[in-house]
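A.B. asks: For the protein sequence lines, the chains are A and B, in the order given.
In this text, residue positions in the first sequence follow our numbering: the first is 700, and each later residue adds one.
In this text, residue positions in the second sequence follow our numbering: the first is 12, and each later residue adds one.
Hints are not guaranteed to be accurate.
Claimed, not checked - So the derived list for chain A, only partly shown, Cβ under 10 Å to chain B, looks like this:
id, residue
1, PRO809
2, ALA811
3, ALA812
4, VAL815
5, LEU1084
6, PRO1095
7, ALA1127
8, GLU1129
9, THR1133
10, ARG1152
11, VAL1155
12, SER1160
13, ALA1193
Stated by the list, open to error - Computed Cβ-Cβ distance ranges for the label pairs, DEER-style:
id, chain 1, residue 1, chain 2, residue 2, range
14, B, ARG75, A, ALA711, 44 to 52 Å
15, B, ASP283, A, PRO929, 27 to 35 Å
16, B, LEU52, A, GLY1099, 26 to 34 Å
17, A, THR1019, B, LEU42, 25 to 33 Å
18, B, ASP283, A, ALA711, 34 to 42 Å
19, B, PRO79, A, ALA825, 53 to 61 Å
20, A, PRO1095, B, PRO79, 53 to 61 Å
21, A, GLY993, B, PHE34, 39 to 47 Å
22, A, LEU717, B, ARG75, 50 to 58 Å
23, B, VAL432, A, SER1163, 30 to 38 Å
24, A, TRP996, B, ILE298, 26 to 34 Å
Calculated directly from the structure, the hints in this document are not laboratory data.
These numbers were taken from a predicted model, which means no experiment stands behind them.
Every residue, glycine too, gets a C-beta built ideally from N, C-alpha and C.
Residue-level listing of the chains:
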Amino acid sequence: MDELKAPSIDYAAVAPILILFGAACLGVLVEAFVPRRARHAVQLSLALLGTVAGLVVVVTQASTRATTAAGALAIDGPAVFLQGAILVLALVSLLLMGERKLEAGGAFVPQAAITVGSDADVRQAARAPGLTEVYPIALFAIAGMLLFVAANDLLTMFIALEVFSLPLYLLCALARRRRLLSQEAALKYFLLGSYASAFFLFGVALIYGFVGAVDFGSIHAAAAESDRDPLLLYAGLAMLSIGLLFKTAAVPFHVWTPDVYQGAPTPITAFMAACTKVAAFGALLRVLYVGFNGLSWDFTPILGVIAVLTMIIGAVLAVTQTDIKRLLAYSSIANAGYLLVGVLASGEAGLASTMFYLVAYGFTVLGAFAVVMLVRDADGEAGHLSRWAGLGRRSPLIAGLFTFILLAFAGIPLTSGFISKFAVFGAAIEGGQTWLVIAGVISSIVLAFPYLRVVVMMWLSDPSEATPTVSVPGVFTTVALTIGVAMTLLLGVAPSLLLDLTSGAAEFVQ
Amino acid sequence: MSSFPYLSVLTVAPLVGALVVAFLPRSRPELAKWLTLAWSLGILALTVALWVAFEAGGERLQLRESYPWIPGWGANFTFAVDGIALVMLMLIAVLVPIVILAAWHEADASGRSVPVYFALLLALESTMIGVFAAADVFLFYVFFEVMLVPMYFLIGSYGGAKRQYAAVKFFLYSLVGGLFMLAAVVGLWVAGGKTFDWAALTQIDMSTGTERWLFLGFFLAFAIKAPFFPFHTWLPDAGGVAPAGAGALLVGILDKVGTFGILRYCLPLFPDASRYFAPLALVLGVIGIIYAALLAVGQNDLKRLVSYTSIAHFGFIGVGIFAFTTQAGTGAVLYMVNHGLATGLLFLVVGMLVARRGSALITDFGGAGKYVPILAGVLFFAGLASLAMPGTAPFVSEFLVLVGTFTVNKPIAIIATLGIVLAAAYVLWMVQRTVQGTPNPALAEVEGMRRDITLREKVVVAPLIAMIIVFGFYPKPITDVINPAVQATMQDVGATDPAPTAITEAAK
């Protein structure tokens, strides 16, 4: 029997992933050994430090274009860019998670296992500081995402998928307020997510049956050369896509999104809306552009229909929402549709525009959820839209910032939302997918209405008794909101900064 | 040619003013008002300097400035004006101070921030100047869309009853057109090899199908903006509830972005498609003239009535543009200016009456001339200008449009002429029911009706009346500037004039 040889690993290239995993493990130890009082500060600093360190290493790896770990990981332009994007967005999300000024003890429950509504629950809701385990859990999720966008074979991708999904299921269940809703969200996300993972895994098995390997290079070669009946390959790709489209929240795999976005603690919702999107689309890009790019004629029409459905249904259902978090959830579904348009545009332009869109949208959505965290009353966040009436009078600054964010979502120029829409539409027309652009335009019109409705609520309606006050944000939320809004403006006014970066990074290694 | 960067300064200056005014304390409304007025007068002075720097017989696009913006996409901050854009800039610069003065007390009673109202007016001026001064399609689109935002808040925050509905309708209608135009802009960009430069884009070759689709994308946006029948339904709602100042800018200038866009973008960029779709546009124009005039006759709300007259006038402008003769084209551009003056005046006077009476319904008036004789006289004059009475400026333009159209398309010209009759009907009947006839006894009870035109209001209407009369007899300063631009545009479309010399005759 041959000796098993360990593959050579380019440690510098995978250092960001290792740093994040290391920080997460360290966080577990902190939880065990650091006294309770100091834990929050230590954990938060550790998480922020780990993320910043990972980011620094990613920046130093900017020019790496290599596969490593026996071809299991590809550290190339898109991988490095998306890792950087995930880390930056995660940094902002961690700030939101670390906010403890808005609510005594933070947005997370102290002990999730206590029965909702029991005496112990009432006591803990009033006093106890929130769980500090959220930081290591979030770090595991971030590390999994970093791995996900760099995975160069389907098995690594599946492992990464699970590594970042399981912590997310858990995080969703940890809201301090409205705990039943939060637990329901987590369970829904977990069950449906497990189905999606199963689909993914089954797809991997079918593809392995056709190709005899799971790495993208072999899949690409087999798809081009094999003269066997490609049914197995198609079925495999379809199942794989279902698994990935579930994570991107594309219709018809979107049904979990509104419930989970609403139930999860808002910092986690922000984290999912920004980072999970990047990770999921990063993986989808790699699967379609590297492994299956030979089949683009076959999958583009089908995924195109999914993109159109995602845009239209997301937009139409957003119109009917009365809860701000659900509205943002449907808006995120519609945005997944626009991102799919970018993905299907194919070619370098498609890749670059999708990556730009991911970053631009991530910052904007983080800003949006930061505002949602601020608008609250005695019962926590005031989610119902009717409660936002007249907010512009009560707190013009916050309402103004949120209006700007909504205009960005609606794609009004001088915001990053416009530039990113322009980029994906331009790439799609260039790639001959004009029909997707037409659908995108129509859905944008529909989608503008719910955003406008919120603006009307805030500015044109008069405040009522029920209008909640805007809490004075702590320094973390302030920083997060500022970053979100500033980047939305900056990428709208001077998008060249990021556009150059994305087009420079828009090439996969095989 | 001067090297002073007129156009970029003109675009940015109002925005700077807006920011300054917006951050004034709410407790100092007077300061905000005077500062805004002074600022807009400064911009007027700068625009006059721009007019002087422009050489009427020179190149088509002058005073060009270009700064890189998004090099990867070929988008630049490129500003340049032709004669058409120049007169529109002048119109903006003249109207804004007048509107500011007219809107002096408008925000006082709204319960909302007064400085913000004036800041929004200045911000609107900035985007309006930008949209006419841009010579880069991307930049134009940016201004075209951003323009919605200040207007939305002006209508939505400071308007009358049903303002939310009207503001949202205005925004969504414009956005519908804007987003289809976005698709067309993207398509044009791809077809043109990734450039947004207007001059370069006029040179590209496109397949017939592409050209037609792109034309429709642009045309839809401009037709909604103008508005042409059947995309007009937002204007009466928006114009009806808009505060008089914002409303005057809405119908006086904002709507002209549509017709300007057709002249600057649709015709030169898609000449073949323009000729192909010209019959459609002519028919829409004529329907607009007749249909909107009939609706205007039936209105009981003064502001809505003025909005409908505006739609009818835009029908004339549309006919003038798509007749493809220099004469009709010049008439259309002249009409854009004169309409801004005449309808702007009408809107402002109506606003003054409405402010006094506290109602815009015609039935709430009746014999108002007995209480406010001078104001009634101004209303009568504005009405006459609006129906294109000979001796007022709109007459010249309407006449040019009709004559220029008649030489190439008799049926359209003849039907359009019917619009003049209807215009007389809606204006005279409105004047009769509002300020003439038996005095409405209710008016005697109204405090405001005892006060005739104030000094401030005289300052508001005097320059407009003067310009309407002067340009009614001597439109040459304007026609000299716009003629070369119109001729160049008609050349782009490949139209030949049956009687190219007639224009100078008529203009004199």
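A.B. asks: Does each hint hold? Answer for all of them.
C.D. replies: Verification of the supplied hints:
Annotation: interface hint on PRO809 of chain A violated; nearest CB of chain B at approximately 43 Å, more than 10 Å. A least Cβ separation of about 42 Å between ALA811 of chain A and chain B goes past the 10 Å threshold, and the interface hint is therefore violated. Here the hint on ALA812 of chain A is broken, as its CB sits about 47 Å from the closest CB of chain B, past 10 Å. Contact between VAL815 of chain A and chain B, as hinted, is not supported at the beta carbon level, the nearest pair being about 40 Å apart and thus beyond 10 Å.
For LEU1084 of chain A, the interface hint is violated, since its Cβ never comes within 10 Å of a Cβ in chain B; the closest pair sits about 14 Å apart. For PRO1095 of chain A, the interface hint holds, since its Cβ comes within 10 Å of a Cβ in chain B; the closest pair sits about 8 Å apart. The interface hint given for ALA1127 of chain A is met, as the beta carbon of that residue sits about 8 Å from the closest beta carbon of chain B, less than 10 Å. Against a cut-off of 10 Å between C-beta atoms, the interface hint on GLU1129 of chain A holds, since the closest Cβ of chain B lies about 5 Å away.
The closest approach between the C-beta of THR1133 of chain A and any C-beta of chain B is roughly 7 Å, which is under the 10 Å cut-off, so the hint is satisfied. This hint holds: ARG1152 of chain A has a C-beta 8 Å from the nearest C-beta of chain B, less than the 10 Å allowed. Contact between VAL1155 of chain A and chain B, as hinted, is supported at the beta carbon level, the nearest pair being about 5 Å apart and thus within 10 Å. Given the 10 Å rule on beta carbons, the hint for SER1160 of chain A holds: about 7 Å separates it from the nearest Cβ of chain B.
Interface hint at ALA1193 of chain A: satisfied, since its Cβ lies 8 Å from the closest Cβ of chain B, which is below the 10 Å cut-off. One distance hint, 44 to 52 Å for the beta-carbon pair ARG75 of chain B and ALA711 of chain A, holds here, with the actual separation near 50 Å. Evaluation of the 27 to 35 Å hint for ASP283 of chain B and PRO929 of chain A yields a failure: the beta carbon distance comes to about 45 Å. Range check, LEU52 of chain B to GLY1099 of chain A: Cβ separation about 29 Å, and the 26 to 34 Å hint holds.
Taking the beta carbon of each, THR1019 of chain A and LEU42 of chain B are about 45 Å apart, not inside 25 to 33 Å as hinted. The given range of 34 to 42 Å is broken by ASP283 of chain B and ALA711 of chain A, whose C-beta atoms sit roughly 59 Å from each other. The hinted range of 53 to 61 Å is satisfied by PRO79 of chain B and ALA825 of chain A, whose Cβ atoms lie roughly 58 Å apart. For PRO1095 of chain A and PRO79 of chain B, the Cβ-Cβ distance of about 35 Å falls outside the hinted range of 53 to 61 Å, so the restraint is violated.
In this structure the supplied range 39 to 47 Å is violated for GLY993 of chain A paired with PHE34 of chain B, their Cβ-Cβ distance being about 59 Å. At about 55 Å, the beta-carbon gap between LEU717 of chain A and ARG75 of chain B stays in the expected band of 50 to 58 Å. At about 52 Å, the CB distance of VAL432 of chain B to SER1163 of chain A disagrees with the hint of 30 to 38 Å. For TRP996 of chain A and ILE298 of chain B, the Cβ-Cβ distance of about 46 Å falls outside the hinted range of 26 to 34 Å, so the restraint is violated.
Taken one by one, the earlier hints fail for this structure at numbers 1, 2, 3, 4, 5, 15, 17, 18, 20, 21, 23 and 24, listed in ascending order.
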